[in-house]
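A.B. asks: If you read the sequences in order, they're chains X and W.
Final position of the first sequence in the numbering used here is 256; the numbers increase by one with none missing.
Final position of the second sequence in the numbering used here is 253; the numbers increase by one with none missing.
Careful: at least some of the hints might be erroneous.
Sample of chain X residues at the chain W side, in silico, Cβ under 7 angstroms [unchecked claim]:
no., residue
1, Glu98
2, Val119
3, Ile161
4, Gly175
5, Ser246
25 angstroms max Cα-Cα, derived SDA-like pairs, lysine to any residue [said to hold, decoys possible]:
no., chain 1, residue 1, chain 2, residue 2
6, W, Lys179, W, Glu78
7, X, Lys176, W, Asp105
8, X, Lys176, W, Lys4
9, X, Lys197, X, Gln207
10, W, Lys55, W, Glu15
11, X, Lys96, W, Thr112
12, X, Lys97, W, Met240
13, W, Lys179, W, Val241
14, X, Lys73, W, Trp108
15, X, Lys97, W, Glu136
16, X, Lys197, W, Arg128
17, W, Lys134, X, Ser103
18, W, Lys134, W, Asn5
19, X, Lys97, X, Val113
20, W, Lys179, X, Trp104
21, W, Lys179, X, Glu101
22, X, Lys176, W, Asn148
23, X, Lys4, X, Arg14
24, X, Lys73, W, Glu78
25, W, Lys179, X, Arg14
26, W, Lys180, X, Gly63
27, X, Lys197, W, Lys180
28, X, Lys223, X, Ala27
29, W, Lys179, W, Asn31
30, X, Lys97, X, Met189
31, W, Lys4, W, Ser81
32, X, Lys105, W, Ser73
33, X, Lys96, W, Ala178
34, W, Lys55, W, Asn148
35, X, Lys197, X, Ala27
36, W, Lys198, W, Glu209
37, W, Lys76, X, Glu98
38, X, Lys105, W, Asp38
39, W, Lys198, W, Asp38
Calculated directly from the structure, the hints in this document are not laboratory data.
Quick caveat, the model's predicted, so the values are computed rather than measured.
Idealized CB from N, CA, C, for every residue including glycine.
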Amino acid sequence: MRRKNALVIGIANRDSISAGIAEELSANGYNIIPTYLNEKALPYVKEVTDPLGVSRLFPFQVGNDQQLQAIVKHLRAEGLRLDVFVHGIAFASEIKKELHEVSWKSFMDSTRVSAFSLVEITSQLIQADVLNPGGGILTLSYIGSHLAVEGYNMMGPVKSILEALVRGLASELGGKGIRVNAISPGPVMTRAASGIKGFSNLLHVAQTGSPLNRTASIEDIGKIAFEVISNPSITGAVYLVDCGSSVTIRVPSEQS
Amino acid sequence: MENKNALIIGIRDEESICYAIASEIKRAGYNLYATYQDQTTYNSVSRVAEAMGIKKIFPYDARNDEDLESFSSAMKQEGVSLDILVHGISYSTAEGAKLNLPLVDVTWEEFTDAIRVGAFSLVEVTGRLLPLLKDEASILAVTLRWSNVAVPRFNVVCATKAALESIIRGLAQSLGNAKKIRVNGISPGFVSTYSLSKIGNRLEILEQEKEKSPLKTNVRNEDLAGLAVSILENRSVTGMVYSIDSGVGIMGR
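Can you make the complete structure from the sequences, with help from the hints?
C.D. replies: Structure below.
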């Protein structure tokens, strides 16, 4: 049987959510084709991908068409086609500012990297005809798209755009048999999260707000991700995986 | 009596949703200020302004940095402090806007124009005019049910409205913190506007909507304007998006 291939964009290091997803895909027999942001990040990405038997990694920065074409060229040369595309990238230069203080330039750059790149990359993969029908595309969101989360600031609207694009792409690519979904994990201490003001407090709130009194593990997030990626009946969906914290309001019992 | 002032961004002509809202705000005793997009809409907006007694109109095309600069400094020079800001602009009103494309065919430039005009301009305007906004001022934006669903060929609009609603919640948090300002949205069913004609045949769309409605009616302009003013003046409402659609949104197929 042909080995299935997954392009994974968004591994920064072992703490990355995309790393957990790549590991789950690999455990299920997928060949992982990872990208890395730059040379500085490469050794940390390799810490994730070496144990998965990955031999080739590709540099990729949003908007760099040549880098994307290099990936396409490699796929063609090796006769590979993609069954899965995981999009796990985000960027926000003014995340520490209150929303009404954010500049258009910063919001635009963030929208490009964190949201519209899903459309751009998908579009190029389709044009190059390297995406298999029946394939699954997955991106990563956060409940800040639906709730004003203090400290998450400008990323809330950006994730709203991302989720609308998931629905939009799902509606338009369904005819090609391509499914597009998102998972929306509770807070996880990743490198990206360390840029968010008061993140350890956010983790604490998510944990104490959960009826399970914990936050989602990378492994569990990876498993849901794999299910959503591979289940042929799921498209246009955003699945929360947050130990119930966003659907719960916990009230401490009265102290006597 | 205290001088109450409202700035309306989004009047195009007498059919505009913002025109209906502005009329109701005027009836509630506010002085009106408004913007127009460019020279092509100047005539119709100044006609409306004269008829309604709008104090002053300012040019503001949300795609341009210079317009944002000149409009916000002109407002500051005017020296009015604002009780109300209404935001009802979206890129679908721009000439030549290519919104009826599949997402994979939309360029980044087109996409950013749509996001900036239809959503982020609310952040930019409130950020710039914050010194003019009174404590406990009230902001209302006009959104659309499409924020929550996919509409093939119009998914840029969907993404824009999703961003707008998220920005409503975000600003309700940050401006509430800063100045006890409230920020809300109304999400009307389709009404007969110039923007609607960009989506398709107005009469057909309105007829289909009427059929879907449990009341078998279309939304009336005066009803959504009444709701708008009620939300604007209600001190216990913030971060909300209220739909007013004759019940269309609750119906299954």
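A.B. asks: Going through the earlier hints one by one, which of them does the structure break, listed in rising order?
C.D. replies: Violated hints: 4, 5, 8, 24, 25, 26, 34 and 35; rest satisfied.
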